[in-house]
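So the sequence lines, in the order shown, correspond to chains A and B.
With this note's numbering as the guide, the letters of the first sequence map in order to residues 1 to 307.
With this note's numbering as the guide, the letters of the second sequence map in order to residues 1 to 265.
I should point out that these hints are in silico values taken from the structure, not numbers from a laboratory.
The model shown is predicted, which means the values in this text are computed figures rather than measured ones.
Each residue gets a CB set at the ideal place from its N, CA and C atoms; glycine is no exception.
It cannot be assumed that every hint is accurate.
[What the hints assert, rightly or not] Derived CB-CB ranges, DEER-like:
{"hint": "1", "chain 1": "B", "residue 1": "Ala169", "chain 2": "A", "residue 2": "Val273", "range": "45 to 53 Å"}
{"hint": "2", "chain 1": "B", "residue 1": "Leu61", "chain 2": "A", "residue 2": "Ser80", "range": "47 to 55 Å"}
{"hint": "3", "chain 1": "A", "residue 1": "Glu69", "chain 2": "B", "residue 2": "Ser94", "range": "25 to 33 Å"}
[Unchecked claim] Straight-line distance between alpha carbons at most 25 Å, and here's what the computed DMTMM-like set of lysine to aspartate or glutamate pairs gives:
{"hint": "4", "chain 1": "A", "residue 1": "Lys247", "chain 2": "B", "residue 2": "Asp156"}
{"hint": "5", "chain 1": "B", "residue 1": "Lys237", "chain 2": "A", "residue 2": "Glu253"}
{"hint": "6", "chain 1": "A", "residue 1": "Lys242", "chain 2": "B", "residue 2": "Asp6"}
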Amino acid sequence: MIKYVSKKMNKGYGLLIFLGVLLAMLGGCASNDKKQEDGKLKIYTSFYTMYDFTSKIAGDKAEVVNLVENGTEPHDWEPSTTDMTKLEEADMLVYNGAGMEHWIEQVTSSLENNIVLVEASNGVELISDELSQGNSDPHVWLDAKNAKIEMENIKNALVKIDEENAQYYESNYEKYATMFDELDSELTNRLGALKSKNIIVSHEAFSYLCKAYGLTQVSIGDLEADAEPDANRIAQIVEFAKTNQVKTIFFEELVSPKVANVIANEVGADTAVLNPVEGLTEDQMDAGEDYFSIMRSNMDALEKALN
Amino acid sequence: MLLQYDFMRKAFIVGILLAIIIPCIGMIVVLRRLSMTGDALSHMSLAGVALGLVIGINPVLGATLACIIAAFGIEFIRKRFNHYADMAIAIIMSTGVGLAGVLSGFVSNTSNFNSFLFGSIVAITNFELVMVILISVIVMLTFVLLYKELMYLAFDENSARLSKVPVKAINFIFTLLTALTVSIASRTVGALIISSLMVIPTACAMQYGKSYKQTLIYSIVFAVIFTVIGLTLSYYKGLKPGGTIVLTSVVFLLITLAVKGRKPN
């Protein structure tokens with residue numbers, strides 16, 4: 001009996017020591033204070049659009065790094081352990097919000113540093129689609145007015161943590177704000193003049209573009225970029241395309257065009273790229289493309305398809 | 001109505017062909033206690049796709065090669081651990097999942113990766129249609145020509161050897177055919193349909209069939225019925241086709257078990 005008890009106690013002590021060591025290790029992790037050596041801010045962004053907007057404002061005052069690599073579909077992305085280590089050393093993390101980054105809560109709650117979190121879509125009026133079970137489309141930036149709000153949020157956050165360069169950030173913002181206004185009126189004019197207003201797209205990513213500029217989207221998949229379609233849905237879309245004489249089925253560069261091809265085949269239509277500006281391929285980056293140029297290519301593609 | 005669309009016609013052709021050949025393979029696989037082969041191989045083929053994209057060879061070729069290596073890997077491990085054949089599946093499957101996970105981290109363009117992962121019976125390209133027809137013809141011919149030999153192999157390799165069946169050669173052919181079928185079919189219609197068609201029709205057929213031949217024929221008939229009902233249902237009810245086919249067969253199996261209420265053999 002005594003032997004038994006003492007054995008049990010030994011086990012208990014062992015466990016306590018083990019827990020103690022674990023705690024000590026955790027404590028060691030927690031105590032790091034971040035300040036970049038070169039005096040530049042270190043900013044991480046959740047995907048391309050955020051990266052584009054942030055680097056346009058921050059210019060050479062910060063090192064802006066995109067978490068999602070070029071050519072990767074951001075909906076599928078999840079942070080790796082290396083990404084987490086990088087984030088521990090960052091000053092700021094810019095993300096879109098509105099449901100775009102499903103990993104954001106988990107990541108931010110496990111970070112130990114006092115990183116500044118910027119939810120760019122803050123203050124944007126969200127569309128909630130009842131048809132997709134309250135799932136809202138996160139692609140708010142496809143309305144140029146929203147894109148401007150997002151950039152303003154980013155600018156405000158930068159001004160707050162780096163007051164020294166406030167003037168610099170403000171003047172950058174002014175420059176791009178005018179460009180957003182121009183883009184917005186160009187979109188309004190050019191898309192407003194289109195003969196047909198119906199677009200068939202591979203995933204429900206264009207609610208904001210459609211709402212702002214008077215188009216209607218019919219999507220093949222759900223909000224998820226790679227959901228398996230059902231046959232009935234495909235048949236419905238084929239019928240829709242036939243009755244509305246849709247000549248082009250749109251797909252996204254970073255998503256498999258398989259289903260778009262099936263439908264295009266069925267109705268004798270073409271396929272074309274409509275880019276939700278979630279990410280750029282390596283080639284597009286090298287060619288110096290950005291939000292504005294992609295939005296203009298989208299306009300060209302829409303004009304070609306709908307006139 | 002249902003068949004007015006090209007994509008539905010393709011879905012039915014591919015679905016019925018696979019429903020004929022996969023139970024043929026499945027029957028032997030089940031008798032050898034290797035029911036999860038389909039899963040293990042399709043996971044391995046994902047790793048093959050990733051490897052293909054990373055080192056710059058054609059991903060479909062990569063998938064096929066990975067499947068072949070995995071199938072022979074299962075054979076190798078199975079022979080080493082004679083009484084624990086299912087262990088071979090577990091080992092190969094985890095290797096496949098692990099490899100695919102690690103390798104996909106090196107794939108720079110995930111859209112590429114996704115387009116190879118994404119198999120759906122209602123989105124079949126002409127190339128895939130041709131491939132499925134080709135592999136179906138090969139599998140059917142082999143099963144007709146080597147019917148006796150394969151049957152011996154399924155039950156007892158030792159007595160097969162005694163009856164002068166060239167076990168090694170037949171084993172090689174069967175392993176190769178399994179690998180090819182899974183790699184082509186899982187890219188075309190998705191891994192889910194493959195692994196379920198491999199086992200569930202055979203399970204149902206075992207309840208009715210009184211001999212090897214009868215069971216085999218029943219399992220093919222069941223598989224074709226499940227696929228046709230599943231596809232039709234998914235079309236009219238707007239359900240995901242892969243899942244509907246699988247659930248149709250599971251429901252049928254449950255009904256069979258309830259009605260029959262006896263163990264196979």
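For Lys247/A and Asp156/B, compute the direct alpha-carbon distance and say whether it is at most 25 Å.
Distance ~60 Å between Lys247/A and Asp156/B Cα, so the pair is violated.
Tell me if the beta carbons of Leu61/B and Ser80/A are separated by a distance inside 47 to 55 Å.
violated, 28 Å
Please work out if Lys242/A and Asp6/B have their alpha carbons no farther apart than 25 Å.
With a Cα-Cα distance of about 14 Å, the restraint between Lys242/A and Asp6/B holds, given a limit of 25 Å.
Tell me if the beta carbons of Ala169/B and Val273/A are separated by a distance inside 45 to 53 Å.
holds, 51 Å
Cβ separation of Glu69/A and Ser94/B, checked against the hinted range 25 to 33 Å
About 27 Å separates the Cβ atoms of Glu69/A and Ser94/B, which means 25 to 33 Å holds.
Between Lys237/B and Glu253/A, is the straight-line Cα distance small enough, at 25 Å or below?
violated, 31 Å
Hint violations for this structure: numbers 2, 4, 5, all remaining hints satisfied.
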